[in-house]
Amino acid sequence: MAKIAYQKLTDHSAFFWGLLGLHVLVIAAGLGAALYMEHHGHVVTGMSNQIVWGTPHVFAVFLIVAASGALNVASFSSVFNKLAYKPYARLSGVLAVALLLGGLAVLVLDLGRPDRLIVAMTTYNFRSIFAWNIYLYTGFIAVVALYLFVMMDRRVSRFSMPTRIVGGFAFFWRFALTTGTGAIFGFLIARDAYSSAIMPVLFIAASFLYGLAFTVLVLLTMSREVRHELISEDMLGKFRGLFILFALSVLYFTAVLHLTKLYAPGTRDVEAFLLRDGGIYTLVFWIGQIGIGLLLPLAILVFGSGRHAWRSVAIAAPLFLIGGVAQMYFTIIGGQAFPLSLFPGMEVSSSFHDGAVAQYWPSLPEVLLGLSGVSLAMVLTGVALKLLPFLPRPASV
Amino acid sequence: MSVKATDESRRTFLRSAAGMAATLLAPGVTLYAMGDAAAAETAPASAKVRWGLLIDAARCKDGCSACIDACSAAFGWKDTGHPETDPQWVRKVSAKNPETGAGFSVPVMCQHCANAPCVDVCPTGASFKRADGIVLVDRHICIGCRYCMMACPYKARSFVHEPVENPKPDAPRGKGTVEGCTLCVHRIDAGGIPHCVEACQAAGGAMLFGDLGDPSSEIAKRIATYRTTRIREDLRCNTGIYYANI
Numbered sequence: 052m053a054k055i056a057y058q059k060l061t062d063h064s065a066f067f068w069g070l071l072g073l074h075v076l077v078i079a080a081g082l083g084a085a086l087y088m089e090h091h092g093h094v095v096t097g098m099s100n101q102i103v104w105g106t107p108h109v110f111a112v113f114l115i116v117a118a119s120g121a122l123n124v125a126s127f128s129s130v131f132n133k134l135a136y137k138p139y140a141r142l143s144g145v146l147a148v149a150l151l152l153g154g155l156a157v158l159v160l161d162l163g164r165p166d167r168l169i170v171a172m173t174t175y176n177f178r179s180i181f182a183w184n185i186y187l188y189t190g191f192i193a194v195v196a197l198y199l200f201v202m203m204d205r206r207v208s209r210f211s212m213p214t215r216i217v218g219g220f221a222f223f224w225r226f227a228l229t230t231g232t233g234a235i236f237g238f239l240i241a242r243d244a245y246s247s248a249i250m251p252v253l254f255i256a257a258s259f260l261y262g263l264a265f266t267v268l269v270l271l272t273m274s275r276e277v278r279h280e281l282i283s284e285d286m287l288g289k290f291r292g293l294f295i296l297f298a299l300s301v302l303y304f305t306a307v308l309h310l311t312k313l314y315a316p317g318t319r320d321v322e323a324f325l326l327r328d329g330g331i332y333t334l335v336f337w338i339g340q341i342g343i344g345l346l347l348p349l350a351i352l353v354f355g356s357g358r359h360a361w362r363s364v365a366i367a368a369p370l371f372l373i374g375g376v377a378q379m380y381f382t383i384i385g386g387q388a389f390p391l392s393l394f395p396g397m398e399v400s401s402s403f404h405d406g407a408v409a410q411y412w413p414s415l416p417e418v419l420l421g422l423s424g425v426s427l428a429m430v431l432t433g434v435a436l437k438l439l440p441f442l443p444r445p446a447s448v
Numbered sequence: 021m022s023v024k025a026t027d028e029s030r031r032t033f034l035r036s037a038a039g040m041a042a043t044l045l046a047p048g049v050t051l052y053a054m055g056d057a058a059a060a061e062t063a064p065a066s067a068k069v070r071w072g073l074l075i076d077a078a079r080c081k082d083g084c085s086a087c088i089d090a091c092s093a094a095f096g097w098k099d100t101g102h103p104e105t106d107p108q109w110v111r112k113v114s115a116k117n118p119e120t121g122a123g124f125s126v127p128v129m130c131q132h133c134a135n136a137p138c139v140d141v142c143p144t145g146a147s148f149k150r151a152d153g154i155v156l157v158d159r160h161i162c163i164g165c166r167y168c169m170m171a172c173p174y175k176a177r178s179f180v181h182e183p184v185e186n187p188k189p190d191a192p193r194g195k196g197t198v199e200g201c202t203l204c205v206h207r208i209d210a211g212g213i214p215h216c217v218e219a220c221q222a223a224g225g226a227m228l229f230g231d232l233g234d235p236s237s238e239i240a241k242r243i244a245t246y247r248t249t250r251i252r253e254d255l256r257c258n259t260g261i262y263y264a265n266i
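If you're matching them up, the sequences are chains A and B in order. The letter at position 22 of the first sequence is residue 73 when you use my numbering, and the numbering goes up by one with no holes. The letter at position 234 of the second sequence is residue 254 when you use my numbering, and the numbering goes up by one with no holes.
Don't read these hints as lab results, they were simulated from the structure. Any given hint could be a false lead.
[What the hints assert, rightly or not] Sample of chain A residues at the chain B side, in silico, Cβ under 10 Å:
1) L86
2) E89
3) E276
4) Q387
5) F389
6) G406
7) V408
Here a beta-carbon is modelled for each residue, glycine too, at the ideal position from N, C-alpha and C.
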């Protein structure tokens with residue numbers, strides 16, 4: 052295979068500056084929202100002692116899950132030796148780090164005491180999956196940075212072995228990271244909606260889908276910017292096939308999760324709530340995650356092959372991302388809305404809302420903070436693409 | 021004239037010296053005078069002790085909120101008109117069997133688990149368990165991530181959503197951190213009993229406090245004699261709060 056040539060972003064269109072400006076505005080609004088929440092306390096959000104994790108967590112977990120998935124394209128090229136993916140490997144690494152930083156920024160700014168970040172970085176309880184995740188997240192950034200170095204350094208990249216070894220390690224690490232993120236929920240023994248070993252696996256399947264959707268969207272946007280198609284027809288077919296495979300995997304693991312919980316009498320109540328009687332959460336699941344986020348893009352991809360492939364991929368990718376946000380909203384907020392079962396089989400009530408379905412409506416500061424994580428990831432990616440040659444030249448794809 | 025001046029300065033010196041000695045020695049003398057109570061407060065918690073409560077639902081009267089009122093008054097958490105976000109360190113939970121209609125109402129607070137999920141999940145170790153079984157939050161290293169609230173099976177913890185005005189000396193509370201029942205650890209360490217138990221003894225006597233690890237204690241004897249239940253015993257958290265007649 053001919054040597055792949057890469058490029059930096061040089062000439063910028065009004066579209067690029069407009070997009071960058073929009074993202075910077077959203078980041079500023081997100082920072083303002085975080086300051087507002089920090090000053091007044093979480094009382095100004097929709098969160099409560101019932102719904103303790105709100106919209107910022109929806110975006111943070113979504114971005115962190117997508118981050119590990121964004122590394123897939125690089126892994127295909129160096130771990131599985133699929134050379135067709137190699138031109139996109141650098142972008143895949145950059146995007147993975149940017150998405151992770153976007154998610155982590157939201158997570159930190161939503162803390163009750165974001166000023167104590169240094170405490171979180173220096174005081175650990177190693178029985179906590181959260182503490183492990185701090186290592187998994189910072190480690191991921193370091194491993195991917197090393198991976199980018201061995202791919203890009205002139206001397207090191209002449210040999211294929213360093214890329215394969217570091218790429219393999221990064222592949223292992225991204226599995227550990229998404230397992231850890233899924234386990235945040237899977238380990239919650241008291242919450243009927245969560246406690247399940249399938250959560251990490253479901254999160255891994257979801258990460259493949261959302262990471263690829265982000266990668267494809269950035270490639271499509273950058274194709275416009277460099278005025279050449281960065282995705283060849285052959286690659287478009289490959290991405291289309293992967294999208295179908297990953298979307299079916301998410302559907303499969305989602306079905307297994309809910310069928311398992313429906314089978315056990317102890318968790319039928321929570322399933323009835325989530326899938327049938329949960330109002331907004333039921334709608335978010337069936338219409339948001341399953342309908343708009345999985346079945347519709349699947350149909351578009353299945354029927355949109357051949358000359359329609361480009362358009363079908365371009366429409367399906369954002370739909371998958373909308374479905375991803377819906378999945379996280381349904382999982383995180385819906386799972387908390389169902390009351391804890393203090394006395395199984397009994398009807399309970401109290402002044403502390405025991406036995407009652409929790410009410411939650413996202414506040415503007417929460418939404419702005421959440422969206423600013425996506426914008427931060429996009430701005431970081433844009434700046435990185437301008438500073439170093441991460442994008443393939445059209446002749447190389 | 022000069023002799024008088026010397027006497028004056030000597031007297032001033034002696035007065036200052038006596039004052040200084042009193043300032044330096046007084047805390048030690050006070051500590052000595054307080055004896056066992058002060059020593060108990062500074063001694064580390066003992067693993068031989070397992071503090072716990074026994075709550076008898078049959079004696080807990082409907083409508084009685086003596087334990088809640090005492091806790092609220094002692095620690096300063098209260099209704100601020102935001103029921104969704106106001107902290108509640110202890111609340112009365114009413115339960116009814118939908119098939120038979122029979123039910124009960126009992127106070128529920130931190131269950132001071134031996135296998136505490138909140139302690140396991142806390143990333144910084146702010147959520148911790150003392151050797152004597154009391155589960156607490158170290159407000160100095162709580163980052164306000166709320167993972168302990170996600171993990172607690174008993175909804176025992178509250179997040180402080182608003183600035184706290186005039187916190188009590190025995191209850192360091194602060195916006196952006198998580199809090200919950202401390203079992204009145206400051207009173208226990210001084211040889212006392214929790215506020216809720218004290219208030220309940222005056223109101224109906226449904227609550228009994230004691231050392232579960234001491235077979236000769238009243239609480240241990242009662243638990244050994246009568247059938248008791250712990251909330252969500254199936255989760256095997258090994259809680260320190262026992263309930264009778266539920």
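These are the hints, each one checked on the structure:
1. L86: Result: violated, 13 Å to nearest chain B Cβ.
2. E89: holds, 8 Å
3. E276: Since the shortest Cβ distance to chain B is 38 Å, the answer is violated.
4. Q387: holds, 7 Å
5. F389: violated, 12 Å
6. G406: holds, 8 Å
7. V408: violated, 13 Å
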